[in-house]
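S.K.: Whenever a hint applies, use it, and build me the whole structure from the sequences.
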Amino acid sequence: MPPEVALAIFLLPFLSFVVIAFVIRPFLNNRPQLSGYVTIASIGISLLLSLWVLVEVIKSPGHELSMPDYQWLAIGDTAIHIGVTLDALAAVMLIVVTSVSLLVQVYSQGYMRGDPGYPRYFAFMSLFTCSMLGLVLADNLLFLYLFWEGVGLCSYLLIGFWFHKPEAARAATKAFVVTRLGDFGFLAAILFLYAKTGTFDIAELYVLAPALLSATALTWAAIGVFSGAVGKSAQFPLHTWLPDAMEGPTPVSALIHAATMVAAGVYLVARMFPVFASSTEAITTVAIIGGFTAIFAASMGLVMNDIKRVLAYSTISQLGYMMLGLGAVGVAVAGGVLEPEHGLMLGVAVGIFHLFNHAFFKALLFLGAGSVNHATGTFDMREMGGLRKAMPWTYLTFLIASLSIAGIWPLSGFWSKEGILAHAWESTPILFYLAMITVFMTAFYMFRVVFLTFGGEYRGQSEGSHGLHESPLVMIAPMVLLAILSVVSGWLPISELLGGESHSFFGALASPLAWASLILAGLGILLAYAIYSKKWLSAESLRQRFAPLYTLFSRKYWLDELYESVFVVRILIDGLFAAFHWFDDRVVDGVVNGVAGGTVAAGRGIRRAQTGQLQAYGLAIFIGILVIVACLFIFD
Amino acid sequence: MEMGIAIAFWVLAAVIIGAALAVVLGRNIFRAALFLVLCFFTIAGIFVILSADFLAGVQVLIYVGAIGVLIIFAIMLTRETQRGSPSGRLRLPALIAGLLFLATMVFVIVSTDWQIVAEIPTEPTTSGIAQALFSKEEGFVLPFEIAAALLLAAIIGAIVLVREK
Amino acid sequence: MAIALEHFLILSAILFSIGLYGVLAKRNAVAILMSIELMLNAVNIALVAFWRYVAPTLLTGQVFVIFIMVVAAAEVAVGLAIIIAIYRSRETVDAEQIDLMKW
Numbered sequence: 001m002p003p004e005v006a007l008a009i010f011l012l013p014f015l016s017f018v019v020i021a022f023v024i025r026p027f028l029n030n031r032p033q034l035s036g037y038v039t040i041a042s043i044g045i046s047l048l049l050s051l052w053v054l055v056e057v058i059k060s061p062g063h064e065l066s067m068p069d070y071q072w073l074a075i076g077d078t079a080i081h082i083g084v085t086l087d088a089l090a091a092v093m094l095i096v097v098t099s100v101s102l103l104v105q106v107y108s109q110g111y112m113r114g115d116p117g118y119p120r121y122f123a124f125m126s127l128f129t130c131s132m133l134g135l136v137l138a139d140n141l142l143f144l145y146l147f148w149e150g151v152g153l154c155s156y157l158l159i160g161f162w163f164h165k166p167e168a169a170r171a172a173t174k175a176f177v178v179t180r181l182g183d184f185g186f187l188a189a190i191l192f193l194y195a196k197t198g199t200f201d202i203a204e205l206y207v208l209a210p211a212l213l214s215a216t217a218l219t220w221a222a223i224g225v226f227s228g229a230v231g232k233s234a235q236f237p238l239h240t241w242l243p244d245a246m247e248g249p250t251p252v253s254a255l256i257h258a259a260t261m262v263a264a265g266v267y268l269v270a271r272m273f274p275v276f277a278s279s280t281e282a283i284t285t286v287a288i289i290g291g292f293t294a295i296f297a298a299s300m301g302l303v304m305n306d307i308k309r310v311l312a313y314s315t316i317s318q319l320g321y322m323m324l325g326l327g328a329v330g331v332a333v334a335g336g337v338l339e340p341e342h343g344l345m346l347g348v349a350v351g352i353f354h355l356f357n358h359a360f361f362k363a364l365l366f367l368g369a370g371s372v373n374h375a376t377g378t379f380d381m382r383e384m385g386g387l388r389k390a391m392p393w394t395y396l397t398f399l400i401a402s403l404s405i406a407g408i409w410p411l412s413g414f415w416s417k418e419g420i421l422a423h424a425w426e427s428t429p430i431l432f433y434l435a436m437i438t439v440f441m442t443a444f445y446m447f448r449v450v451f452l453t454f455g456g457e458y459r460g461q462s463e464g465s466h467g468l469h470e471s472p473l474v475m476i477a478p479m480v481l482l483a484i485l486s487v488v489s490g491w492l493p494i495s496e497l498l499g500g501e502s503h504s505f506f507g508a509l510a511s512p513l514a515w516a517s518l519i520l521a522g523l524g525i526l527l528a529y530a531i532y533s534k535k536w537l538s539a540e541s542l543r544q545r546f547a548p549l550y551t552l553f554s555r556k557y558w559l560d561e562l563y564e565s566v567f568v569v570r571i572l573i574d575g576l577f578a579a580f581h582w583f584d585d586r587v588v589d590g591v592v593n594g595v596a597g598g599t600v601a602a603g604r605g606i607r608r609a610q611t612g613q614l615q616a617y618g619l620a621i622f623i624g625i626l627v628i629v630a631c632l633f634i635f636d
Numbered sequence: 001m002e003m004g005i006a007i008a009f010w011v012l013a014a015v016i017i018g019a020a021l022a023v024v025l026g027r028n029i030f031r032a033a034l035f036l037v038l039c040f041f042t043i044a045g046i047f048v049i050l051s052a053d054f055l056a057g058v059q060v061l062i063y064v065g066a067i068g069v070l071i072i073f074a075i076m077l078t079r080e081t082q083r084g085s086p087s088g089r090l091r092l093p094a095l096i097a098g099l100l101f102l103a104t105m106v107f108v109i110v111s112t113d114w115q116i117v118a119e120i121p122t123e124p125t126t127s128g129i130a131q132a133l134f135s136k137e138e139g140f141v142l143p144f145e146i147a148a149a150l151l152l153a154a155i156i157g158a159i160v161l162v163r164e165k
Numbered sequence: 001m002a003i004a005l006e007h008f009l010i011l012s013a014i015l016f017s018i019g020l021y022g023v024l025a026k027r028n029a030v031a032i033l034m035s036i037e038l039m040l041n042a043v044n045i046a047l048v049a050f051w052r053y054v055a056p057t058l059l060t061g062q063v064f065v066i067f068i069m070v071v072a073a074a075e076v077a078v079g080l081a082i083i084i085a086i087y088r089s090r091e092t093v094d095a096e097q098i099d100l101m102k103w
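From first to last, the protein sequence lines are chains A, B and C. Last residue of the first sequence: number 636 in the numbering used here, and the count goes up by one each step with no gaps. Last residue of the second sequence: number 165 in the numbering used here, and the count goes up by one each step with no gaps. Last residue of the third sequence: number 103 in the numbering used here, and the count goes up by one each step with no gaps.
By construction, these hints were calculated from the structure, which means they are not laboratory data. Remember, it's a predicted structure, so these values are computed and weren't measured experimentally. For every residue, glycine included, the Cβ atom is placed at its ideal position computed from N, Cα and C. One should not assume that every hint holds.
[Claimed, not checked] Computed Cβ-Cβ distance ranges for the label pairs, DEER-style:
| no. | chain 1 | residue 1 | chain 2 | residue 2 | range |
| --- | --- | --- | --- | --- | --- |
| 1 | A | 608 | B | 57 | 47 to 53 Å |
| 2 | B | 57 | A | 635 | 44 to 50 Å |
| 3 | A | 608 | C | 97 | 15 to 21 Å |
| 4 | A | 634 | B | 57 | 42 to 48 Å |
| 5 | B | 110 | C | 85 | 43 to 49 Å |
| 6 | C | 57 | B | 14 | 27 to 33 Å |
| 7 | B | 119 | A | 607 | 56 to 62 Å |
| 8 | C | 57 | A | 599 | 58 to 64 Å |
| 9 | C | 97 | A | 599 | 29 to 35 Å |
| 10 | B | 25 | C | 85 | 26 to 32 Å |
[Stated by the list, open to error] Just a few of them, taken from the derived set where beta-carbon distance is under 8 Å, the chain C residues facing chain A:
| no. | residue |
| --- | --- |
| 11 | 20 |
| 12 | 23 |
| 13 | 24 |
| 14 | 95 |
| 15 | 96 |
| 16 | 99 |
| 17 | 100 |
| 18 | 101 |
| 19 | 102 |
M.R.: See the structure below:
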């Protein structure tokens, strides 16, 4: 395979962006559908090339292709190289990004039809995909960071796509600023690692970072990198941007939640996994944050009424699972339980396998939510209901995705979640119990969505149920494809390719752990069925009985308020910014005003010398002459 | 001869200084003008001692005649005779400045080693001055013409200034 | 004691200092002008004395005196015109009251 193929994979979407931004939008704005075609064509070719890369990687020994790298710039003795990594991890990520992106683009053809910003939308989507592909392919932290910020920029542009809505503009800013908090730590860690090891190259860092850094320094560097991942992957405590990011178009949410943006954080931890696994503290932090975020986000997902918000919290929760998977194996490796050669690949396999499966069913869930919105005009589940009859395809695909995310055998979610739970059981039992509770909660809130949206009778006021209609084929087709992938993606030997364990189709059912989680998931579904479908239990009375918990969950633990009123207002605005303001007002302005005031005051005093008396001037002149003459005598 | 010149110098110098003091110290402005004229006259005498016969004549013509008359006219026109010519607030600083200046000048004059030549100028000097003013090689023809223009400008300026609007 | 260059120069310096005092101390503008004339005459004495004792064959010193007289005449004419113009507009020739350039 020529090395140009790898470059083409991410340059094609960039080309698409350039063509749309500089050709179609200025000159062919009356034919906006062209931009969609260009995007689909470029990402489609990228997908085919990614499949080629995947095949080559599978065939190659060690599942890694060596690619030539180029010197990008030399500053003195410092040479910075650019190159691409093509190992199993990158190849799998390429498939995830290109396939999900392609299906989302196809779906967008229908969803975004008639929007005045149609070409702009596809330009940003192309750039978004390009950034994510570049991030996946980058073999050094500098370029990884470049594309990392590219992803952040595109998410800002797309979340704020309808920027004339104040909430959208606000959500975009929030996403950008909150992720930036994490990115700051990431950048600091990159620079710190470079200062200590003299390289940006990730493969070299695997060896050099543990060798050259003290244990404490390594921990802090890894935590710095992880803080970037926390921001991008919306882990606690930087998760607040993701639910608000719903203000963007729904296909954007699908892409952000499935393949790009949030996946970047997990990918980063997977890519830097050997560095993380060298520090017990760092990898334990990853595991704890992941495990906590999983149950924390799920609890909020239980009570949300906005379908996209439920999905957003489920994404945060599932990302927590991925971090937990990485962390749990990493803890075992750092603790010496697992051999590093095996354990390092195993951890990546566990985490990324779930990312791989999650990408398909989560994209599908969002596309389903978008399809529902297309019909009802709302995202509020209290105004839905009974859509099963009007939208059978949407219902069917959404149901498959929900079963998959709940972890029902033999759908894809089951396989990867079992891997994470098994490893959590082995290395971090406390987090395992949290994860088991999360399994129950996940099943409950997903089927709450299913029953509220598709079951029962239509409750919307805006239009009668006769106005409801199935979405067009261009939207349904990608959903059906994603539904198929949601079923079968767990059967693909992704885990083996990444160096993890293989599992047999029926053999998985022999494990008691699998039965435990299946029973918990089943209980969750049953509870949702009892409350929201059969109404054996009244949701209202439950809400009253657990009023404090309900309030806590629905107010999102008051974290937004905490951040905004305490952190932003009290500490930043009243504290730091007030201090800056004081400094600016008193010191900076004070210097300027002081100079001006001093000049005025001096002028006010000195002008007394301007008496208007010619003789006084004459006297001054003669005194001056005498002084000069005196000086001539004295210094001669 | 030497003795006569010395006596003349001392007398003239005493009169000059006395008249000058009277000009700046007296309260009567009209008398001050008259003492000024006396001062001009005696300076013409000094010029005679210094063998500058032509300048002595010019001094009498221009200073005593023209400038003295002009100043007296100005005093008449401004009707300031009643109010007199009192000293201002800067009297003491002016005195100190004058004395300091005098001290400096005397110090410089006394301490300098002057290059005196023994030659005695030929009198009368009138033709010599004419030669010096108008000789082609090292004369002062251009400054002379400029002085003429300056005088013209001064005359026109004075007329413009005092013309009734 | 023979009269030498220094005598004339010191006479010139005294006369100049008296004129200087008058310029700085007198309130009447005409008196100030008169004091300026004293200073110019002091310079003339010095110039003539230099001619007489230092360079008697070159008449440049006397030529300078003539130019000074020209300038003095012009100065008196213009100066008195200005004083009269000021007197017309302000009814005074008191230098302390002519302070239009005051702050």
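S.K.: None of the hints should be skipped; say for each whether it holds.
M.R.: Here's how the hints hold up against the structure:
no.	hint	in the structure
1	608(A) x 57(B): 47 to 53 Å	holds, 50 Å
2	57(B) x 635(A): 44 to 50 Å	holds, 45 Å
3	608(A) x 97(C): 15 to 21 Å	holds, 18 Å
4	634(A) x 57(B): 42 to 48 Å	holds, 45 Å
5	110(B) x 85(C): 43 to 49 Å	holds, 44 Å
6	57(C) x 14(B): 27 to 33 Å	holds, 32 Å
7	119(B) x 607(A): 56 to 62 Å	holds, 57 Å
8	57(C) x 599(A): 58 to 64 Å	holds, 60 Å
9	97(C) x 599(A): 29 to 35 Å	holds, 31 Å
10	25(B) x 85(C): 26 to 32 Å	holds, 28 Å
11	20	holds, 7 Å
12	23	holds, 6 Å
13	24	holds, 5 Å
14	95	holds, 6 Å
15	96	holds, 6 Å
16	99	holds, 3 Å
17	100	holds, 6 Å
18	101	holds, 4 Å
19	102	holds, 3 Å
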